[in-house]
Each structure stands twice: as structure tokens, then as C-alpha cells.
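A.B. asks: Each chain, written out:
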Amino acid sequence: AQSVAQPEDQVNVAEGNPLTVKCTYSVSGNPYLFWYVQYPNRGLQFLLKYITGDNLVKGSYGFEAEFNKSQTSFHLKKPSALVSDSALYFCAVRDVRKGYQKVTFGTGTKLQVIP
Amino acid sequence: DVKVTQSSRYLVKRTGEKVFLECVQDMDHENMFWYRQDPGLGLRLIYFSYDVKMKEKGDIPEGYSVSREKKERFSLILESASTNQTSMYLCASSFPIQAERPYEQYFGPGTRLTVT
Numbered sequence: 640a641q642s643v644a645q646p647e648d649q650v651n652v653a654e655g656n657p658l659t660v661k662c663t664y665s666v667s668g669n670p671y672l673f674w675y676v677q678y679p680n681r682g683l684q685f686l687l688k689y690i691t692g693d694n695l696v697k698g699s700y701g702f703e704a705e706f707n708k709s710q711t712s713f714h715l716k717k718p719s720a721l722v723s724d725s726a727l728y729f730c731a732v733r734d735v736r737k738g739y740q741k742v743t744f745g746t747g748t749k750l751q752v753i754p
Numbered sequence: 133d134v135k136v137t138q139s140s141r142y143l144v145k146r147t148g149e150k151v152f153l154e155c156v157q158d159m160d161h162e163n164m165f166w167y168r169q170d171p172g173l174g175l176r177l178i179y180f181s182y183d184v185k186m187k188e189k190g191d192i193p194e195g196y197s198v199s200r201e202k203k204e205r206f207s208l209i210l211e212s213a214s215t216n217q218t219s220m221y222l223c224a225s226s227f228p229i230q231a232e233r234p235y236e237q238y239f240g241p242g243t244r245l246t247v248t
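From first to last, the protein sequence lines stand for chains A and B.
Note that our numbering gives residue 659 to position 20 of the first sequence, counting from 1, and the numbers run on in steps of one.
Note that our numbering gives residue 239 to position 107 of the second sequence, counting from 1, and the numbers run on in steps of one.
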């Protein structure tokens with residue numbers, strides 16, 4: 640079965656500094672990986688995905704993620720953090736069974752950007 | 133823009149009550165999902181549906197059932213609510229695999245259910 644792990648419950652970063660939110664995955668076959676963000680009191684929003692191609696994927700709000708097959712990682716990054724980036728971030732991986740649209744989510748990482 | 137709406141933002145029910153959570157999407161998506169979100173546990177899939185009247189159990193279906201009579205509407209039913217079902221419930225929908233943006237899920241704002 641596929642899974643993702645987010646090793647940090649919370650990440651604190653100063654405004655203007657680069658940020659990284661970590662995610663590692665476990666899947667047989669080619670991984671389809673995703674990042675979602677949840678702002679306070681709102682539903683989740685899709686940020687970006689990796690299916691194939693360039694290992695560096697660009698997404699919404701200036702975020703990008705780096706796919707690393709040898710380290711089975713898909714870390715979320717941003718060069719310069721904003722206070723408004725403070726939110727809960729979820730990594731996810733799709734179900735490998737052909738035809739299934741199900742994805743499995745990680746436990747989430749709370750990002751706190753300090754002014 | 134895709135819009136996924138849920139019938140209530142906050143709901144308080146008593147133990148043993150039958151509870152209906154409604155979700156409607158306006159993008160003609162085939163796939164719809166119900167999750168519960170709990171601190172430290174992330175999102176866990178309860179049920180999903182890939183077509184009208186079709187459903188599949190997710191990871192934690194016990195104590196829940198679903199109904200999909202129309203393509204745009206997916207209902208989650210708690211047959212007899214219990215305190216351990218106090219949680220945030222999120223509905224989502226997605227395009228079919230053949231579409232341009234497969235697997236991307238669009239979420240509703242959530243329903244925070246408290247069972248007392």
C-alpha cells in the first residue's frame with residue numbers, strides 16, 4: 640500500500656527566509672505526488688503535483704516542490720516565506736491501483752511564519 | 133472555478149441521532165469523497181464514489197454510510213452518532229482519470245460535527 644510521511648508536526652520560519660516542508664513517500668510503481676494547503680477555517684486547496692517530467696514542480700502562490708526518487712522525497716519549498724503562508728500543509732500520494740482516483744494524505748505540517 | 137459546498141459549517145448532535153451531511157459540487161465531477169480530519173491523524177478517507185449509485189469503502193467506513201442518487205450530490209450518513217465521531221468532515225470531488233487534471237481534488241469548507 641502507498642503512504643506518505645510528514646516528519647515534522649510544525650515548522651517555524653522567519654518572514655523572508657526560505658522554507659521547506661518535508662514529505663517522504665512509499666509506493667510501488669511510479670508515484671503521483673501532491674501538496675495541498677489548508678488556511679485557517681477553510682477547506683484544502685490544491686497547490687501542485689508531480690506525475691512525470693521535471694523533478695522541480697512549480698505550483699500556486701510561489702511554491703515549488705522537488706521530487707527526489709533516490710531519497711523517495713517530495714519536499715515543498717518557497718524561496719521567501721510570507722506571513723500569509725502560515726497554514727497547514729498536506730502531502731499526498733495517489734492509489735496505485737489502476738483506475739482508482741483515491742489518494743492517501745499525510746498527517747499534515749503546520750507552517751508558522753514569524754513576522 | 134469549481135465549487136464544492138457542504139450543508140453546514142457547524143453541527144451539534146446527540147449520541148444516537150442519525151446525522152446527514154450533504155455535499156454538492158457544480159463541476160460535473162464523476163468522483164466524490166468524504167474524509168474526516170483529526171489533529172495528528174491528517175485526512176482519512178471514509179467513502180468515495182466514482183459514479184451515481186456507486187460507492188467504495190475507504191479506510192475508516194465503520195459507523196458511516198453514503199448515498200449518491202445524483203451526480204452532483206454525495207451524502208454522508210452517521211446511522212447512530214457516537215462521541216468518537218466528533219470531527220471535521222471534508223467533502224471533495226475530482227475529474228475523471230482521463231481528464232486533463234486527474235487526481236486533483238477540490239474540497240468543500242468542511243463541517244465541524246460535535247456529538248455530545
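Derived by calculation from the structure, the hints in this document are not laboratory data.
Only a predicted model underlies this, so the values are computations on that prediction, with no experimental measurement involved.
Wrong hints could be hidden among the right ones.
[Said to hold, decoys possible] The calculated lysine-lysine pairs, modelled on DSSO-like cross-linking and capped at a C-alpha distance of 27 Å, are:
#1 A:K708 with B:K189
#2 A:K716 with A:K697
#3 B:K185 with A:K741
#4 B:K189 with B:K202
#5 A:K741 with B:K203
#6 B:K187 with B:K145
#7 B:K203 with A:K749
#8 B:K185 with B:K202
#9 A:K749 with B:K187
#10 A:K741 with A:K708
#11 B:K189 with A:K741
#12 B:K187 with A:K741
#13 B:K185 with B:K150
#14 A:K749 with A:K716
#15 B:K189 with B:K135
#16 B:K150 with B:K202
#17 B:K135 with B:K185
#18 A:K661 with A:K741
#19 A:K697 with B:K135
#20 B:K135 with B:K203
#21 A:K716 with A:K741
#22 A:K749 with A:K697
A.B. asks: Work down the list of hints and note, for each, if the structure agrees.
C.D. replies: Hints, verified against the model:
Between K708 (chain A) and K189 (chain B) the CA atoms are separated by roughly 31 Å; this puts the pair beyond 27 Å, and the hint is violated. Of the pairs offered as hints, the one joining K716 (chain A) and K697 (chain A) holds, with about 10 Å between alpha carbons and a cut-off of 27 Å not exceeded. Between K185 (chain B) and K741 (chain A), the direct Cα distance comes to roughly 17 Å. Compliance with the 27 Å bound is thereby established for this hinted pair. The straight-line distance between the Cα atoms of K189 (chain B) and K202 (chain B) is roughly 19 Å, inside the 27 Å bound, and the hint therefore holds.
Under the criterion of a C-alpha separation no larger than 27 Å, the hint pairing K741 (chain A) with K203 (chain B) is consistent with the structure, at around 18 Å. Note on K187 (chain B) and K145 (chain B): the hinted pairing holds, with a Cα-Cα distance of about 26 Å set against a maximum of 27 Å. For the hint pairing K203 (chain B) with K749 (chain A), the CA-to-CA distance comes to about 34 Å; that exceeds 27 Å, so the pair is violated. Pair hint K185 (chain B) plus K202 (chain B) holds up; C-alpha atoms about 8 Å apart against a cutoff of 27 Å.
For the hint pairing K749 (chain A) with K187 (chain B), the CA-to-CA distance comes to about 32 Å; that exceeds 27 Å, so the pair is violated. With a C-alpha separation of about 22 Å, the suggested pairing of K741 (chain A) with K708 (chain A) holds against the 27 Å cut-off. Restraint check for K189 (chain B) and K741 (chain A): the C-alpha separation of about 11 Å stays at or below 27 Å, so the hint holds. For the hint linking K187 (chain B) to K741 (chain A), the alpha-carbon distance of about 12 Å falls within 27 Å, and the restraint holds.
The suggested pairing of K185 (chain B) with K150 (chain B) holds, with an alpha-carbon distance near 21 Å, which does not exceed 27 Å. At roughly 14 Å between alpha-carbon atoms, K749 (chain A) and K716 (chain A) fall within 27 Å of each other, so this suggested pair holds. Taken as a hint, the K189 (chain B) and K135 (chain B) pair is honoured in the structure, with Cα atoms around 24 Å apart against an allowance of 27 Å. A hinted pair counts as satisfied when its Cα atoms are at most 27 Å apart, and K150 (chain B) with K202 (chain B) qualifies at roughly 21 Å.
Distance check on the hinted pair: K135 (chain B) and K185 (chain B) sit about 21 Å apart at the alpha-carbon level, within 27 Å; holds. With a C-alpha separation of about 22 Å, the suggested pairing of K661 (chain A) with K741 (chain A) holds against the 27 Å cut-off. Using a Cα cut-off of 27 Å, the hinted pair K697 (chain A) and K135 (chain B) holds, with the two alpha carbons roughly 24 Å apart. Between K135 (chain B) and K203 (chain B), the direct Cα distance comes to roughly 14 Å. Compliance with the 27 Å bound is thereby established for this hinted pair.
For the proposed pair K716 (chain A) and K741 (chain A), the alpha carbon gap of about 25 Å is at most 27 Å, so the pair holds. Between the alpha carbons of K749 (chain A) and K697 (chain A) the distance comes to roughly 21 Å, so the proposed pair stays at or under 27 Å and holds.
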